[in-house]
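So the protein lines, in turn, are chains A and B.
Going by our numbering, the first residue of the first sequence is number 1, and it counts up by one from there.
Going by our numbering, the first residue of the second sequence is number 1001, and it counts up by one from there.
Since the hints were derived computationally from the structure, they do not count as laboratory data.
All residues carry an ideal CB built from backbone N, CA and C; glycine is no exception.
Don't take every hint at face value.
Selected chain B positions facing chain A (Cβ under 10 Å, derived; list incomplete) [stated by the list, open to error]: (1) Val1025; (2) Val1026; (3) Asn1028; (4) Ser1032; (5) Gly1048; (6) Pro1082; (7) Pro1084; (8) Gly1198; (9) Leu1231.
Chain A regions said to be covered by chain B (calculated; three or more residues, Cβ under 8 Å) [said to hold, decoys possible]: (10) 78 to 86; (11) 137 to 143.
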Amino acid sequence: METPDLTGDRIKQYLKEGKRFDNRKLDEFREISIEGGISSKAEGSARVKLGKTEVLVGVKMDVTEPYPDSPDKGNLMVTAELLPLSSERYESGPPKFPAIEVGRLIDRFIRESKFIDFEKLCIKKGEKVWGVFIDIYSINDDGNLVDAAGIGAIAALRMAKIPKYDAKNEKVLYGELSDKNIPLRKETPISLTAHKLGETMIIDPTKEEEDVSEAKMTLGGTPEGVISSIQKGDSKELSIDEVNKILELTEKARKNVFSKIEKLLK
Amino acid sequence: MTKEFKRPDGRKVDEIRKMSAKVGVVPNADGSAMFSFGDTVAIAAVYGPKKMHPQHQQDPEKGTLRCTYNMLSFSVTDRIRPGPNRRSTEIGKITGWSLEPVIMIKKYPNMVVDVHIHIIQANASTRCAGINAAVLALAHAGIPMRELVSSVSIGKLDKQLVVDVNKDEEDWEEGEGATDIPITMTNSGKLTHLQLDGKITTKDLKEAIKLAEKATKEVYEVQKKALKESLKIE
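With the rest of the complex left out, here is chain A (with noise of 0.2 Å):
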């Protein structure tokens, strides 16, 4: 049920005072909670929880042709699916725009955070490199799926270990993992989306608080500061001010959520 107008002008009202219904900040994330190992089968997997948001994230490898214009690097497909197990708005189907966003967005996160090094993916030049897929189902939608993908595809990736390559038979020996992991960068980037209801700016929304954004972006950055992915969502315009406040909140939430996955990871 889409959230009704009456609980959608309560909710920005409250956020004018700096309120929100569950007594968070406007920079607060809901608790995070983080587990590894969901599938046996998968190189890495991760269920990541936002409050009641829950999503599953699965990396799986593969060897691959690599594409014309990268030759030497491994390649990467990021897809993403709202089940309508996780959500009575959620139909079963060809996937449509918001699904495919939620894809696309983590797809250039993870992509231009540089966070794998496709270059140590290659094993031959031109012929063969790994291919990485990471699949991102959502179980439960109460809002911010974004995030919480975010956060589970960087979490399967760090925990994932390449499966074993018997390169003369050209075969992937799966269920046998090597001991290697994905080459990753030391810095971990988070991708965080900030949204705007009313005048206010506010981070990791509910469903309801959601449904009243009228403007959103997507920001996937490293907790020192660079930036590196950015998406503005959604047909509000944003003022410049309100822009650089979007900048700054992000900035501040990032550092904390990187703290939390950090020891979530350990």
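We have chain A; now place chain B onto it with these hints.
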């Protein structure tokens, strides 16, 4: 039955892997549950009863039970392309048939009850785990039911019947190879689902059904316990 028969994971021939079940795993859903046989893990969520869309599929005589079954891309060693396929479509349908006899679906003309099943981690017997989770989710959603159903797979490895087949056993190649027989029964002992792939004599099949009758009783106890736990008031 020969005593020397050794199962790949050391189980007794009539031993089910460690089962676990939990009700209420998807807060958004009207009912939901998780069921696992060892490392085969299924979750199910129920939405409804709600008005059937599209309208032309409405049945004024009775409600519709609509089941979908899906394996997550990373639930198996070789990644599955996300989205439905012929296998998942069929299993969804069969799951519906296995559940419908116990669901009082007549109470809901023009309505639909949606059951979504997802396999998170697969080590064979996924459709059985899915059915076991689905029936719990339906009960959790408060859909009126005559009784529960419980599902288990019986295997024939060469000449030996075993209960709750895992992947190593499904791929059994010695002797007569593997025969896989997923069976679903109501608690009162009626069959609502029976499939078989392989080769078996009538006598052995009768024996397999007997084994399933006993094994589904064990599954039932786990399901009942999970449902009772979900009703516990703190």
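Each hint tested on the structure:
1. For Val1025/B, the suggested interface contact is upheld, since its CB lies about 8 Å from the closest CB of chain A, less than 10 Å.
2. Taking 10 Å as the C-beta contact cut-off toward chain A, the hint placing Val1026/B at the interface holds, the least distance being around 5 Å.
3. A cut of 10 Å between beta carbons decides the hint on Asn1028/B: the least distance to chain A is about 5 Å, and the hint holds.
4. The restraint placing Ser1032/B at the interface with chain A holds, with a minimum CB-CB distance near 8 Å, inside the 10 Å limit.
5. The restraint placing Gly1048/B at the interface with chain A holds, with a minimum CB-CB distance near 9 Å, inside the 10 Å limit.
6. Look at Pro1082/B: its Cβ gets to within about 5 Å of chain A, closer than 10 Å, so that hint holds up.
7. At a threshold of 10 Å, the smallest CB-CB gap from Pro1084/B to chain A is about 7 Å, leaving the interface hint in force.
8. A hinted interface residue such as Gly1198/B counts as satisfied when its beta carbon comes closer than 10 Å to some beta carbon of chain A; here the least separation is about 24 Å, so the hint is violated.
9. Here the hint on Leu1231/B is broken, as its CB sits about 21 Å from the closest CB of chain A, past 10 Å.
10. Residue count for the stretch 78 to 86 of chain A with a Cβ under 8 Å from a Cβ of chain B: 6. That meets the three needed, and the coverage hint holds.
11. Here the stretch 137 to 143 of chain A counts 5 residues with a CB under 8 Å from a CB of chain B, which clears the bar of 3, and the coverage holds.
Comparing the model with each numbered hint stated earlier shows that hints 8, 9 do not hold.
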